[in-house]
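Asker: Now for the letters of each chain:
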Amino acid sequence: MTPLLSVEGVSKSFGGIRAVDADDLAVAPGELFALLGASGSGKTTLLRLIAGLEQPDSGRIRIDGVDITERPAYERPVNTVFQSYALFPHMSVCGNIAFGLKQEKLSQAEIDKRVVEMLQLVQLEGYGARRPAQLSGGQKQRVAIARSLAKRPKLLLLDEPMAALDRRLREQTRIELAAIQKRLGITFVLVTHDQEEAMSLADRMAVMDAGRIVQIGAPREIYARPASRFVAGFIGDTNLFEGKAAGRENGYLSVHVAEGDMMVRDVPDLPVGTTIWLAIRPERLRLGTMPDCNCLDVRADRIEYRGDQSILHAATAAGTKLRLKGDNVALASIEAGATVAVAWSPEDVVVLRQ
Amino acid sequence: MKLTDRFHIAAFAVPALWLAVFVLVPFGIIAAISLAQAVDGQPPFQLAWSWENYQLLLEDVLYAEAYGNALRIAATSSLVALLIGYPMAYAISVAPRHRRGMLLTLVMLPFWTSFLVRIYAWMALLRPTGLINTALQGAGLIDEPLQLINNQFAVHLGIVYGYLPFMVLPLYASLEKIDPALTDAAADLGAGPWRVFWRVTLPLSMPGVVAGFLLVFIPAVGEFVIPELLGGPDTPMIGRVLWTEFFSNRDWPVAAALSVSLSLLLVVPVGVLQHLLAPKKKGGAV
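Chains A and B, in that order, give the protein sequences.
Numbered by the numbering used here, the letters in the first sequence go through residues -16 to 337 in order.
Numbered by the numbering used here, the letters in the second sequence go through residues 34 to 319 in order.
These aren't lab readings, by the way, just hints derived from the structure by calculation.
The structure presented is a predicted model; accordingly, all values stated were derived computationally and were not measured.
It is possible that some hints are incorrect.
What the hints assert, rightly or not - Between beta-carbon pairs, the in silico distance windows are: (1) G101(B) with A116(A): 53 to 61 angstroms; (2) M141(B) with A146(A): 34 to 42 angstroms; (3) G120(A) with P240(B): 23 to 31 angstroms; (4) A124(B) with S(-4)(A): 20 to 28 angstroms; (5) A116(A) with L95(B): 50 to 58 angstroms; (6) A116(A) with T167(B): 53 to 61 angstroms; (7) A9(A) with P240(B): 41 to 49 angstroms; (8) A124(B) with A146(A): 31 to 39 angstroms; (9) G23(A) with P240(B): 32 to 40 angstroms; (10) R130(B) with A229(A): 51 to 59 angstroms; (11) R130(B) with A116(A): 21 to 29 angstroms; (12) A116(A) with F144(B): 32 to 40 angstroms; (13) R130(B) with D249(A): 50 to 58 angstroms; (14) R151(B) with I0(A): 42 to 50 angstroms.
Where a beta carbon is used, it is the ideal one built from N, C-alpha and C, also for glycine.
Only chain A is shown next, with the shape it has when bound in the complex (with noise of 0.2 angstroms):
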């Protein structure tokens, strides 16, 4: 099948600073995908490159197999939902999702039947003639959405949408987007810097640093598999062992690390003796020790109440922190600075190259 969207060895430079270096990037039609990275990541630039307000120094953009990296901004089909939602502060509502429809040849009555349509989409009906200074964040969110979809475009694009937001309003918000999309089966491609919002919303998602895009796959994959440190960090918390590849056995390999040997899932074309990182996320660790199992005693620095769950803050003997995320109740009886037991099981050890 095309890909509704595809871009191709994409690379932009701001003043001889690379916001985007030379991007490969496919998304099926009908798909919500995510482009996550922190700030000064290049997700933004990338977007924009895409919907046409930026020309990118070298590659391809392609819509529906159809070559646009020369086509201006009004040209594409393609919307955007902008982060400050850029709503025209001199038109109404009803104006302002008319605005796409009256730059098409489209008469009067079917201008004004697909705004109504869109005031129901976004639940706004009776809001038409209000100006944009007279709505809540929320409202002024929506109508961007309206406004962006009023045209039916083959692909949305969405910067940052739920950032201006507060945290009940984004959850709700993110609830009706993601209905939105499936109803209308447009693709959405979204810019976030949260990753829990990325993680909720997205069929998959591209993980951006310093510009390039370091990992591409479904939020579960890139959780379980991250492909570098980097992304172990970004997505979800993780605890690092450095080491070196010692030997192999029964399909395990051990790792010699700082605190001794640790026993992971063999990683086939791993030579013996490569510098490896072992990454195992804070509630994969268990207290205890269990058979066939990492075990290593550490020393509880401090628990950290986070309500639903508690984290325990602990090093190892050689120094490395460790985070433990589990029961309110087991954490609870632990006093800083005693020793605890903590084990995980080889099978959640994810081995990183890079």
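Chain A is fixed; fit chain B onto it per the hints.
Answerer: Showing chain B alone in chain A's frame:
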């Protein structure tokens, strides 16, 4: 009373006092003189409380003509200044941030030289034996010197030249405030560069257009130096007529009446205009 309250009152009182002493009181004196009678003496008027002087303004067609000329020339000059100033202000507003300060300084640079000196410089350029005519004749393009000075063309030129910075600065201020995301959004929704300008940039810069237009128009109506030095005898403007009444004819009451009616002529339409353009509280139509 809190210190900040006192500060607010002081901050308001100083300009209010200034306006009262240097605007309202002099205006009151002028208004009183405008109702007086001209006499030969010192001072050259006698308080009389009569509308005679205003009646004269209505009866003598010279004054109406001078008002008409002043309003017409000021309006066309302001329009020309707008057409030249808008692209300048727009170019500055989209220039790289670090270069905008320098460009604005260049716009204001002429203020470093006296206004009068600059108008004299234009005389030197425009007169029949001036730089422009000499150059054109030297190049063999014309046989006779062109009449570039002492006509309406020169007056328009002088006003546009002299007041252009007053047009550019408010335009720049309102253009610079427009969120670039708005023009991005318009382009994203399918509007080409011209439609973006007509539907988004121009409407949002209207406060600057109005402010710039008024800042050029109002002083241009009463302008004296430019029509005196660059204008011809065929199109008297109200500022020159006023000067003549005051200094040549020593008819203070008529000059004062001219002055009062000129102020009212400007204040009333400008007030109406500002009332119409003031931001509305209630939501408008689609």
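Asker: A separate judgement is required for each hint: does it hold in the structure or not?
Answerer: Here is how each hint holds up against the structure:
{"no.": "1", "hint": "G101(B) with A116(A): 53 to 61 angstroms", "result": "violated (42 angstroms)"}
{"no.": "2", "hint": "M141(B) with A146(A): 34 to 42 angstroms", "result": "holds (39 angstroms)"}
{"no.": "3", "hint": "G120(A) with P240(B): 23 to 31 angstroms", "result": "holds (25 angstroms)"}
{"no.": "4", "hint": "A124(B) with S(-4)(A): 20 to 28 angstroms", "result": "holds (25 angstroms)"}
{"no.": "5", "hint": "A116(A) with L95(B): 50 to 58 angstroms", "result": "holds (51 angstroms)"}
{"no.": "6", "hint": "A116(A) with T167(B): 53 to 61 angstroms", "result": "holds (59 angstroms)"}
{"no.": "7", "hint": "A9(A) with P240(B): 41 to 49 angstroms", "result": "holds (47 angstroms)"}
{"no.": "8", "hint": "A124(B) with A146(A): 31 to 39 angstroms", "result": "holds (32 angstroms)"}
{"no.": "9", "hint": "G23(A) with P240(B): 32 to 40 angstroms", "result": "holds (35 angstroms)"}
{"no.": "10", "hint": "R130(B) with A229(A): 51 to 59 angstroms", "result": "holds (56 angstroms)"}
{"no.": "11", "hint": "R130(B) with A116(A): 21 to 29 angstroms", "result": "holds (27 angstroms)"}
{"no.": "12", "hint": "A116(A) with F144(B): 32 to 40 angstroms", "result": "holds (37 angstroms)"}
{"no.": "13", "hint": "R130(B) with D249(A): 50 to 58 angstroms", "result": "holds (56 angstroms)"}
{"no.": "14", "hint": "R151(B) with I0(A): 42 to 50 angstroms", "result": "holds (44 angstroms)"}
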